[in-house]
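J.: So the sequence lines, in the order shown, correspond to chains F and G. Take 1 as the starting number for the first sequence in UniProt numbering and just add one per residue. Take 1 as the starting number for the second sequence in UniProt numbering and just add one per residue.
Derived from the structure by calculation, the hints contain no laboratory data. Yeah, the Cβ is synthetic: ideal placement off N, Cα and C, and Gly gets one too. It is possible that some hints are incorrect.
In silico contact screen, one side only, chain F against chain G (beta carbon under 8 Å); selected entries [claimed, not checked]:
#	residue
1	R6
2	S43
3	L60
4	Y64
5	E66
6	G69
7	P71
8	P78
9	F81
10	S94
11	G145
12	V174
13	A178
14	L183
15	T234
16	N236
Below are the SDA-like pairs computed for lysine to any residue, each with C-alpha atoms no more than 25 Å apart in a straight line [stated by the list, open to error]:
#	chain 1	residue 1	chain 2	residue 2
17	G	K126	F	L245
18	G	K192	F	D7
19	F	K192	F	G19
20	F	K76	F	S158
21	F	K192	G	E233
22	G	K119	G	Y98
23	F	K192	G	D169
24	F	K192	G	D220
25	F	K76	F	A133
26	G	K192	F	H21
27	G	K126	F	F18
28	F	K192	G	G237
29	F	K192	G	P260
30	G	K126	F	K76
31	G	K192	F	S20
32	G	K192	G	H244
33	F	K192	G	K126
34	G	K192	F	P237
35	G	K126	F	I117
36	F	K76	F	R98
37	F	K192	G	K119
38	G	K192	G	A227
39	G	K79	G	K192
40	G	K192	F	N217
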Amino acid sequence: MSHTRRDMIIVDDLRVRFGSHDAVRGVSFRVPEGSSFGIVGESGSGKSTVMRALAGLNDLWDGYLEIAGMPLGRGKPPDFFRRVQMVFQDPYGSLHPRQTVDRALSEPLLVQGIGDIDRRIRQVLADVALPAAARFRYPHQLSGGQRQRVAIARALISEPSVLLLDEPTSALDVSVQAEILNLLADLREERKLTYLMVSHNLAVVAHLCPWVGVMSNGEMVEILSAEDLRAGRTRNPQTTRLRELSAELG
Amino acid sequence: MLVEISGLNISFPTPHGMHAAVRDVSMTLGTEKLGIVGESGSGKSLTARALLRLLPPAAVTRADTLRFDGIDVLSASEKQMGMIRGRRAGLILQDPKYSLNPIMTAGDQIAEAWRNRRKGSRRQAKEAAIDLLAQVQIRDPRRVADSYPHELSGGMGQRVMIAMMLAPDPELLIADEPTSALDASVQAEILKLMEDLVSRRNMGLMLISHDLPLVGHFCDRVAVMYAGRVVEELAAGELGQARHPYTRALLDCMPSLTHPRPRLPVMARDPAWLT
Ligand SMILES: Nc1ncnc2c1ncn2[C@@H]1O[C@H](COP(=O)(O)OP(=O)(O)OP(=O)(O)O)[C@@H](O)[C@H]1O
Ligand SMILES: Nc1ncnc2c1ncn2[C@@H]1O[C@H](COP(=O)(O)OP(=O)(O)OP(=O)(O)O)[C@@H](O)[C@H]1O
Ligand SMILES: [Mg+2]
Ligand SMILES: [Mg+2]
């Protein structure tokens, strides 16, 4: 990894425990500013738990976490929740059922005193390939993939510097997925955004992320470059198996 | 025939008139695996829900034929539908964690579904639930059986929903993106389980998915939907040779692990595809 850029995300020996269950058992990685890091691995291995700790949504962790030079602790810096945005794995759960898309998108702007709301909303809806008609609908009046795009739009509208993306394209058809992946690549280029992305789709992860961490049973068992993943230069048997199965289908 | 749909139309009232979400859809399903792929928002989930009469109250539904095992779904009594839903036909919803009951453990929900159609004690039902969780590749089925939905990971929620729908041994399973949050190895096991139910117990499977390679490998037939219509139907093995320009463009948008491209092609949507 490059040493000229500062690390935007630092995760050092992160541990998370729920009751007697160790969900994350000593995970460490770093993401330089303007770069992207992908997390893959079996279901239940702790990927979302790592993200939620970084997003400041779970205070029951041990270890060291830092975002944009700010160590995460009990109290969060005032603009933390603007600079760090997360797209959740279950878009339904992250959208308020009684809020229209318009409300969900304008609220963060109102809170932060950002003007030009109407133009920004129209722009972000177009960016995520949502029809203008979606703007005044409620979440239950949208399809699964449309809800997921609203969640992405809401994360983007506050112009964060770090985006935590948990399976952001799992409900999208591949043409909309391509538009979203291109959009994320463009924003990274223009605004130096830093991404942490979880996906079970290795082709999607390798497309956006130059580095990939593989989780199994609460541990990050391997960190490798996207090139090594593509070429099959894997060291851990978990990674090898995941890659073989993906290459078989793709 | 297990499922017969013809001339299905679903629309919603909007301030600017009726919005047609599903337009003149026809399909049939026997003891086989039918895949449905297509654009996000093209009406896949609505079509699936219509079959079990689970559409939102605002929806206006019309159909020439909408039958499950010969029963006319549009005119069936609520009691008849109750006998179908969750017993003879299961629907795995796209947002599983929000379709589960938040105040009931995963194990209790599966056990309840099991007792819907089978005779057995509570103890037996609980054991059956744990066995089903193991079948859907949950590593520690006992812990997960005692967990509430908010304590489950995304992929675990998806598998709990699958276990719940398989518990009553249904004749028809409609699975809306059932493996979208699962890694390749768990996904392969779950598909094997479904395959087994289709070939050995004569179940019919309607699989809605955005995963074109998966549908191509796993299903018998595929229907492709675009803007509320079925634009193409073909044998799954021939998906790679699809003829409709929408399907062809779709195949081209997929990122590949082994053949990377710096930028993905985006689709130029042709207004002619709407008619
Ligand atoms: N609030 C909670 N209470 C108890 N256990 C939890 C809680 N949240 C997560 N877990 C457990 O922690 C483990 C890791 O969950 P996590 O959601 O991080 O998995 P994941 O890697 O994101 O999986 P998936 O790919 O299925 O989404 C799981 O075993 C889960 O049951
Ligand atoms: N309650 C509702 N009121 C108004 N419009 C609705 C309602 N429910 C769905 N729609 C619209 O109907 C269309 C079809 O929705 P459906 O959920 O069937 O799409 P889908 O093909 O399953 O898409 P996805 O792949 O994104 O899940 C969408 O444009 C959606 O916005
Ligand atoms: Mg997760
Ligand atoms: Mg859907």
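J.: A separate judgement is required for each hint: does it hold in the structure or not?
T.: Hint-by-hint comparison with the structure:
no.	hint	result
1	R6	violated (26 Å)
2	S43	holds (3 Å)
3	L60	violated (13 Å)
4	Y64	violated (24 Å)
5	E66	violated (25 Å)
6	G69	violated (31 Å)
7	P71	violated (27 Å)
8	P78	violated (29 Å)
9	F81	violated (21 Å)
10	S94	violated (11 Å)
11	G145	holds (3 Å)
12	V174	holds (5 Å)
13	A178	holds (4 Å)
14	L183	violated (10 Å)
15	T234	violated (12 Å)
16	N236	violated (14 Å)
17	G/K126 <-> F/L245	violated (33 Å)
18	G/K192 <-> F/D7	violated (43 Å)
19	F/K192 <-> F/G19	violated (39 Å)
20	F/K76 <-> F/S158	holds (17 Å)
21	F/K192 <-> G/E233	violated (44 Å)
22	G/K119 <-> G/Y98	violated (28 Å)
23	F/K192 <-> G/D169	violated (52 Å)
24	F/K192 <-> G/D220	violated (45 Å)
25	F/K76 <-> F/A133	violated (37 Å)
26	G/K192 <-> F/H21	violated (30 Å)
27	G/K126 <-> F/F18	holds (24 Å)
28	F/K192 <-> G/G237	violated (43 Å)
29	F/K192 <-> G/P260	holds (22 Å)
30	G/K126 <-> F/K76	violated (44 Å)
31	G/K192 <-> F/S20	violated (33 Å)
32	G/K192 <-> G/H244	violated (30 Å)
33	F/K192 <-> G/K126	violated (52 Å)
34	G/K192 <-> F/P237	holds (22 Å)
35	G/K126 <-> F/I117	violated (53 Å)
36	F/K76 <-> F/R98	violated (28 Å)
37	F/K192 <-> G/K119	violated (61 Å)
38	G/K192 <-> G/A227	violated (32 Å)
39	G/K79 <-> G/K192	violated (34 Å)
40	G/K192 <-> F/N217	holds (23 Å)
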